[in-house]
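There are 2 protein chains.
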Amino acid sequence: MPTVLIVGAGLVGSLNAVFFARRGWDVNIFEQRDDIRTMEHVPGRSINLALSCRGKEALEAVGLKDYITDRGVQMHARLIHSKDGKRFERQPYGQPGEHIVSINRRHLNEVMITEAEKYDNVEFLFNHKVCKVDLRKKVVVVVKDGEEKFFSGDVVLACDGAYSAVRRSLMAYPRFDFSQEYIEHGYVELNILPKNDGFAMEPNVFHLWPRGDFTLIALANTDCTFTVTLFAPFDLFEKELFDTEERRIQFFQDNFPDALSLMSKDHVNQVFNRVGNASALVSIKCKPFTFEDFVILMGDAAHAMVPFYGQGMNCGFEDCLILHEIINEENGDLVKAARTYSERRWNDAHTINDLAMYNYNELKHLVNTRGYKLRKKLDLCLNKYLGQRWTPLYSMVTFTRTPYHKVVENRKRQDQILKWTTYGIAGGILVGGTAFLVHKYFID
Amino acid sequence: MPTVLIVGAGLVGSLNAVFFARRGWDVNIFEQRDDIRTMEHVPGRSINLALSCRGKEALEAVGLKDYITDRGVQMHARLIHSKDGKRFERQPYGQPGEHIVSINRRHLNEVMITEAEKYDNVEFLFNHKVCKVDLRKKVVVVVKDGEEKFFSGDVVLACDGAYSAVRRSLMAYPRFDFSQEYIEHGYVELNILPKNDGFAMEPNVFHLWPRGDFTLIALANTDCTFTVTLFAPFDLFEKELFDTEERRIQFFQDNFPDALSLMSKDHVNQVFNRVGNASALVSIKCKPFTFEDFVILMGDAAHAMVPFYGQGMNCGFEDCLILHEIINEENGDLVKAARTYSERRWNDAHTINDLAMYNYNELKHLVNTRGYKLRKKLDLCLNKYLGQRWTPLYSMVTFTRTPYHKVVENRKRQDQILKWTTYGIAGGILVGGTAFLVHKYFID
Numbered sequence: 001m002p003t004v005l006i007v008g009a010g011l012v013g014s015l016n017a018v019f020f021a022r023r024g025w026d027v028n029i030f031e032q033r034d035d036i037r038t039m040e041h042v043p044g045r046s047i048n049l050a051l052s053c054r055g056k057e058a059l060e061a062v063g064l065k066d067y068i069t070d071r072g073v074q075m076h077a078r079l080i081h082s083k084d085g086k087r088f089e090r091q092p093y094g095q096p097g098e099h100i101v102s103i104n105r106r107h108l109n110e111v112m113i114t115e116a117e118k119y120d121n122v123e124f125l126f127n128h129k130v131c132k133v134d135l136r137k138k139v140v141v142v143v144k145d146g147e148e149k150f151f152s153g154d155v156v157l158a159c160d161g162a163y164s165a166v167r168r169s170l171m172a173y174p175r176f177d178f179s180q181e182y183i184e185h186g187y188v189e190l191n192i193l194p195k196n197d198g199f200a201m202e203p204n205v206f207h208l209w210p211r212g213d214f215t216l217i218a219l220a221n222t223d224c225t226f227t228v229t230l231f232a233p234f235d236l237f238e239k240e241l242f243d244t245e246e247r248r249i250q251f252f253q254d255n256f257p258d259a260l261s262l263m264s265k266d267h268v269n270q271v272f273n274r275v276g277n278a279s280a281l282v283s284i285k286c287k288p289f290t291f292e293d294f295v296i297l298m299g300d301a302a303h304a305m306v307p308f309y310g311q312g313m314n315c316g317f318e319d320c321l322i323l324h325e326i327i328n329e330e331n332g333d334l335v336k337a338a339r340t341y342s343e344r345r346w347n348d349a350h351t352i353n354d355l356a357m358y359n360y361n362e363l364k365h366l367v368n369t370r371g372y373k374l375r376k377k378l379d380l381c382l383n384k385y386l387g388q389r390w391t392p393l394y395s396m397v398t399f400t401r402t403p404y405h406k407v408v409e410n411r412k413r414q415d416q417i418l419k420w421t422t423y424g425i426a427g428g429i430l431v432g433g434t435a436f437l438v439h440k441y442f443i444d
Numbered sequence: 001m002p003t004v005l006i007v008g009a010g011l012v013g014s015l016n017a018v019f020f021a022r023r024g025w026d027v028n029i030f031e032q033r034d035d036i037r038t039m040e041h042v043p044g045r046s047i048n049l050a051l052s053c054r055g056k057e058a059l060e061a062v063g064l065k066d067y068i069t070d071r072g073v074q075m076h077a078r079l080i081h082s083k084d085g086k087r088f089e090r091q092p093y094g095q096p097g098e099h100i101v102s103i104n105r106r107h108l109n110e111v112m113i114t115e116a117e118k119y120d121n122v123e124f125l126f127n128h129k130v131c132k133v134d135l136r137k138k139v140v141v142v143v144k145d146g147e148e149k150f151f152s153g154d155v156v157l158a159c160d161g162a163y164s165a166v167r168r169s170l171m172a173y174p175r176f177d178f179s180q181e182y183i184e185h186g187y188v189e190l191n192i193l194p195k196n197d198g199f200a201m202e203p204n205v206f207h208l209w210p211r212g213d214f215t216l217i218a219l220a221n222t223d224c225t226f227t228v229t230l231f232a233p234f235d236l237f238e239k240e241l242f243d244t245e246e247r248r249i250q251f252f253q254d255n256f257p258d259a260l261s262l263m264s265k266d267h268v269n270q271v272f273n274r275v276g277n278a279s280a281l282v283s284i285k286c287k288p289f290t291f292e293d294f295v296i297l298m299g300d301a302a303h304a305m306v307p308f309y310g311q312g313m314n315c316g317f318e319d320c321l322i323l324h325e326i327i328n329e330e331n332g333d334l335v336k337a338a339r340t341y342s343e344r345r346w347n348d349a350h351t352i353n354d355l356a357m358y359n360y361n362e363l364k365h366l367v368n369t370r371g372y373k374l375r376k377k378l379d380l381c382l383n384k385y386l387g388q389r390w391t392p393l394y395s396m397v398t399f400t401r402t403p404y405h406k407v408v409e410n411r412k413r414q415d416q417i418l419k420w421t422t423y424g425i426a427g428g429i430l431v432g433g434t435a436f437l438v439h440k441y442f443i444d
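Top to bottom, those sequences are chains A and B.
Mapping to UniProt numbering: the first sequence position 18 is 18, numbers consecutive.
Mapping to UniProt numbering: the second sequence position 261 is 261, numbers consecutive.
Okay, chain A solo, but in the shape it has when bound:
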């Protein structure tokens, strides 16, 4: 049986472990941190994730979907909060029943590590830091207790995240295209506690306070808390929010009065005093994803994206599923599969990266504009009557496994149809009106 070396026991790494374990292949999985199941506090990325179709189907393929979704909170719509905190607008995500699921990152990761560990052919190596991959010698270089160790295998799956050490060691690989771009906005996470042992706000929606240049969101957790995230330009964090406690509370009072009323001012101040810096958001694109038929980049290591489409994890999970679909197509030929994976996946990854960046603007501004809302309603209405022949952009991304690049192609086709329909209607009115006038004044 081939040996798979997986770098990183995060979400994508541990899902990969389960996939390959079920194939009966030998799996070594290296994680620089301790086992998160034994850690008190896990540093790093945001707490909440929105699980949607692509992620669910990948979990389904390893029999974990129901277990996971049962431990999340369904979200059926965006709920837009007005500036005075008194008016709300509901924007459904799709047709009745279509929803995404708010999941706790740590819980999900723990479940998957435990699942992978059930297989005899999987070995987790915690506190093993992978520094680089040597493509010539075909080994992974690992540092454990300050000592270098070398591991060899048939394939390396680099699932070591946006700051992937494996990817960094490949930067000088011939014709490796790469870009990392930070956006102007950073984020800080806050918390809304339960109220009378229940949710302090409606749980089954994605709460959104769009304020132009900055935005607050809140996602429910199963313990009746909400994770609240403030996205704002670093300038604003530095000048307004990390400056004095008074200005900070005033800022929340002015912009998110209803959210503030559900958090203690002490909590807000403690969070901002503690974090000291907002977390940055990076968008990473690269090509190819496969190197010398030996290393495959997956998840954030291949395509970290800004979080505004809720597709980072879903896309990473779909990577795992697609790799396995391709290995099946290629009858287990790993070399062929690695090449096909890279060719088939990079363009989709670039596309969802761009879409996420586009949604960055949408969340800030567009959700409040008339044209955007009209199109959203029109799309859902056409979808209701035409079904799959007219699936809105957001629904194609979130509720289907349509390859991301096809999603954008379909959307462009829809835009064309709407444009020509508009012209057609305008032309019809013009012709009809003219005919009417000619008839009235010249023939009558």
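Check each hint, because a few of them may be wrong.
Calculated cross-link-like contacts (lysine-lysine; reagent style DSSO-like; alpha-carbon spacing at most 27 Å) [as the list claims (entries may be wrong)]:
id	chain 1	residue 1	chain 2	residue 2
1	A	144	B	149
2	A	149	B	144
3	B	137	A	144
4	B	129	A	144
5	A	129	B	144
6	B	285	A	285
7	A	412	A	377
8	A	129	B	129
9	B	132	A	138
10	B	129	A	132
No lab work stands behind these hints: they were computed from the structure.
We have chain A; now place chain B onto it with these hints.
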């Protein structure tokens, strides 16, 4: 006196050494290779460089301009070779007298190392490979004979080229934007030997054989040879040019018959058999250029570009000059200077990077189109009569020190003026014609 640690004794590194030596600062310059003055064969980048205004002014500032330019070959125009090798078209670079200078890379580098060594406060450390910079400890980590050494100083100038190890060690620095993009084309260098002890072709021009998807160029050397470079897509190299000797010669015969007649077929075959692979061309952009007031990226480490505007070295040399101008402006305050340098320079670097990529297309196609040639002539004509009020794009880049981003602004203004002038003339003809007709038929 402050201590400057320079990483890389290439063109930009050694020029920097001279600049800081003249300031009286202490300079340590680390070079992973041996002293190139003692090497038989220097691997790496292309042989020829085109020195123009920005590079010359930087050399002038350290008193090396005349010495260098006297050891180069002036080029006053592009000479376009037709496909049958019988017709030639001359496209002057600027006004009579304006020219660029073909320089040998190795010679230039040797001169500058020798110049820097004249100063007591400069120490060259050859065979010292810098692996990384530690921003927290403010040290440069160097490997010499397999052993790690640490050097500290007041500032690190990373002049270690497109594949900069210093830059790589900063990849995870907060909010460091970076991209590397390889183009579809690679290159291979050939050689035309002297004929009857003289140049085999006209020396004082830039020879160009544009053939759409691939291009041959030739630059004269002072020893009466020409360095010939073939740019072509990697596909073509792999299929046509590295395949059989017959097909390769046929390819040259079909596309560059006059160039082939000046090279022995054996030479062509030897070169292609020897190199085995075409060299890749990468475009690198990043931001910021300064980290923790300690590390400054300069030259290709900050902005490697494709070679089609002949600005790679010139931009790198101008980096050195600009840094020194800023240190003077800031009265020797290195911290302020480092910040100002980054803020002032990154946008210019991105701009020339884009212009070089644009010229990649120009060299392939546009030089042969009527519209391009007409605009080129019109620009030079307006320049002749309007002087500095109308400097063509190429001339602003090549014959002035106008900041690159201003060059593009000026060009956009020129485009606007030409557009409105065209509209004005068309409008004038319309109005005049109408007046004439009205007068002729209704009033007469």
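Each hint tested on the structure:
no. : hint               : in the structure
1   : 144(A) with 149(B) : holds (23 Å)
2   : 149(A) with 144(B) : holds (23 Å)
3   : 137(B) with 144(A) : holds (23 Å)
4   : 129(B) with 144(A) : holds (25 Å)
5   : 129(A) with 144(B) : holds (25 Å)
6   : 285(B) with 285(A) : holds (14 Å)
7   : 412(A) with 377(A) : holds (18 Å)
8   : 129(A) with 129(B) : holds (24 Å)
9   : 132(B) with 138(A) : holds (24 Å)
10  : 129(B) with 132(A) : holds (19 Å)
No hint from the list above goes unmet by this structure.
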